[in-house]
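Hey, can you work out the whole structure from these sequences and the hints?
Which chain is which? The protein sequence lines are R and Y, in order. Per full-length UniProt numbering, residue 1 is the first one in the first sequence, and the count goes up by one each step. Per full-length UniProt numbering, residue 1 is the first one in the second sequence, and the count goes up by one each step.
Take the hints with a grain of salt, since some may be wrong.
[Stated by the list, open to error] Listed below are the simulated SDA-like cross-link pairs for lysine to any residue, each with C-alpha atoms no more than 20 Å apart in a straight line:
#1 17/R with 145/R
#2 60/R with 159/Y
#3 136/R with 160/Y
#4 53/Y with 145/R
#5 60/Y with 160/Y
#6 53/Y with 186/Y
#7 52/Y with 141/R
[Stated by the list, open to error] To be clear about the criterion: a stretch of chain R counts as covered by chain Y if any three or more of its residues have a C-beta under 8 Å from a C-beta of chain Y, and this derived list gives those stretches:
#8 56-63
#9 130-140
Hints are computed from structural coordinates only; laboratory data are not their basis. Keep in mind that this is a model prediction, so the values were computed, not measured. Using N, Cα and C, we set each Cβ at its ideal position, and we do this for glycine too.
2 protein chains.
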Amino acid sequence: MAMALPLGGGDAERKVKVAEVALRALLCGLGALAAALVATDTQTRTFFSLQKKASYTDMKAMVFLVAATAAAAGYSLLQLAARCCVALLPSSSGSPGGGMVPGRALAWCVFSCDQALAYVLLAAVAAALQASVVAKRGQPEMQWMAICALYGAFCRQAGAGVASAVAAGLAAALIAFLSAFNLFRLYGGTKS
Amino acid sequence: MAMALPLGGGDAERKVKVAEVALRALLCGLGALAAALVATDTQTRTFFSLQKKASYTDMKAMVFLVAATAAAAGYSLLQLAARCCVALLPSSSGSPGGGMVPGRALAWCVFSCDQALAYVLLAAVAAALQASVVAKRGQPEMQWMAICALYGAFCRQAGAGVASAVAAGLAAALIAFLSAFNLFRLYGGTKS
Numbered sequence: 001m002a003m004a005l006p007l008g009g010g011d012a013e014r015k016v017k018v019a020e021v022a023l024r025a026l027l028c029g030l031g032a033l034a035a036a037l038v039a040t041d042t043q044t045r046t047f048f049s050l051q052k053k054a055s056y057t058d059m060k061a062m063v064f065l066v067a068a069t070a071a072a073a074g075y076s077l078l079q080l081a082a083r084c085c086v087a088l089l090p091s092s093s094g095s096p097g098g099g100m101v102p103g104r105a106l107a108w109c110v111f112s113c114d115q116a117l118a119y120v121l122l123a124a125v126a127a128a129l130q131a132s133v134v135a136k137r138g139q140p141e142m143q144w145m146a147i148c149a150l151y152g153a154f155c156r157q158a159g160a161g162v163a164s165a166v167a168a169g170l171a172a173a174l175i176a177f178l179s180a181f182n183l184f185r186l187y188g189g190t191k192s
Numbered sequence: 001m002a003m004a005l006p007l008g009g010g011d012a013e014r015k016v017k018v019a020e021v022a023l024r025a026l027l028c029g030l031g032a033l034a035a036a037l038v039a040t041d042t043q044t045r046t047f048f049s050l051q052k053k054a055s056y057t058d059m060k061a062m063v064f065l066v067a068a069t070a071a072a073a074g075y076s077l078l079q080l081a082a083r084c085c086v087a088l089l090p091s092s093s094g095s096p097g098g099g100m101v102p103g104r105a106l107a108w109c110v111f112s113c114d115q116a117l118a119y120v121l122l123a124a125v126a127a128a129l130q131a132s133v134v135a136k137r138g139q140p141e142m143q144w145m146a147i148c149a150l151y152g153a154f155c156r157q158a159g160a161g162v163a164s165a166v167a168a169g170l171a172a173a174l175i176a177f178l179s180a181f182n183l184f185r186l187y188g189g190t191k192s
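Next comes the structure, spelled out in structure tokens:
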């Protein structure tokens, strides 16, 4: 295990970096898609000359989901922009762990933000998923009706939004894991 | 920072260990309490000679919460038992990082389990909280009624269960953070 580090260290580090940037781009895209799908979701129907409009603001869980996914997309975009700036700066590359390593404080900060984002996004997705299942199937024991029978198009679009939010949540969990890895490397880098 | 480690290393390590054991005991107690409170929660009421019974199985989110909190309590109990066994074994203590340190593989395993537990518990708590808010306030736009107006005692007990589940989720997140710390220490231990 310790043998593989000096040989494949730089290569593995590059792979982790590429994976992280790809995951952050994915999270940005999925978060923006989920927020846009849910936030633009409305349907108006007429029941016996009475116009009723379904909107995502009717469900608090969906409002929370829009806020969380939009925040995730914005944060990922900021992170990507920061990484671009760092990559464009003249750096003493080629010596992993030696040259311009980001400080531990920065790694801790990124780690904390990523963890918090993963927790908040997961909580928002779980709450939205719960609300969606009730909206789809109803809960007859509680006299909660399945509103998807009335607002089909509204529910389909919300379902697509929740699905991309689930994928964004998985990406956020993977990013939290990778930034934990990045933090470990700073502490283990003095070994080789 | 590196100066403080050789002097306060053993002391800080003991504090982290005590905090971790205390948090695990807390998680075990809170998880068991939440599972017991929600799982034993029923109320029967008679409406116009029609008997209706409210039970936690009426709400899928509550079933998920009971499963997650019970799993958290069981896992914490196992961890505490394992720690007791390790503490009772004759160990070469006094040399932090030198003697019988638990392997990295074990630390990774504990870290992964703690992370997974924190995510699952948080998702369960978020879903249950969403369902509870709807049950308490209703969602008039969706024609979902506030069933707490009918089943007051049922709702109060479920609320207490959800509150202890929220506390258990916070404890699980702190434990996940501490076990990440424990993993870092194994990688940073060769410094001093």
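Results of checking the hints against the structure:
Taking the CA atoms of residue 17/R and residue 145/R, the gap is about 48 Å. The hint is violated against a cut of 20 Å. In summary, the hint linking residue 60/R to residue 159/Y is supported, as the alpha carbons are separated by about 19 Å, within the 20 Å threshold. The hinted pair formed by residue 136/R and residue 160/Y fails the criterion: a straight-line CA distance of about 28 Å is larger than 20 Å. Between residue 53/Y and residue 145/R, the direct Cα distance comes to roughly 19 Å. Compliance with the 20 Å bound is thereby established for this hinted pair.
Simply put, residue 60/Y and residue 160/Y have alpha-carbon atoms about 18 Å apart, close enough for the 20 Å limit, and the pair holds. Distance hint between residue 53/Y and residue 186/Y is unfulfilled; the C-alpha atoms sit about 54 Å from each other, more than 20 Å. Distance check on the hinted pair: residue 52/Y and residue 141/R sit about 9 Å apart at the alpha-carbon level, within 20 Å; holds. Here the segment 56-63 of chain R counts 4 residues with a CB under 8 Å from a CB of chain Y, which clears the bar of 3, and the coverage holds.
Closer than 8 Å: that is the beta-carbon criterion, and the segment 130-140 of chain R has 6 residues meeting it against chain Y, so the requirement of 3 holds.
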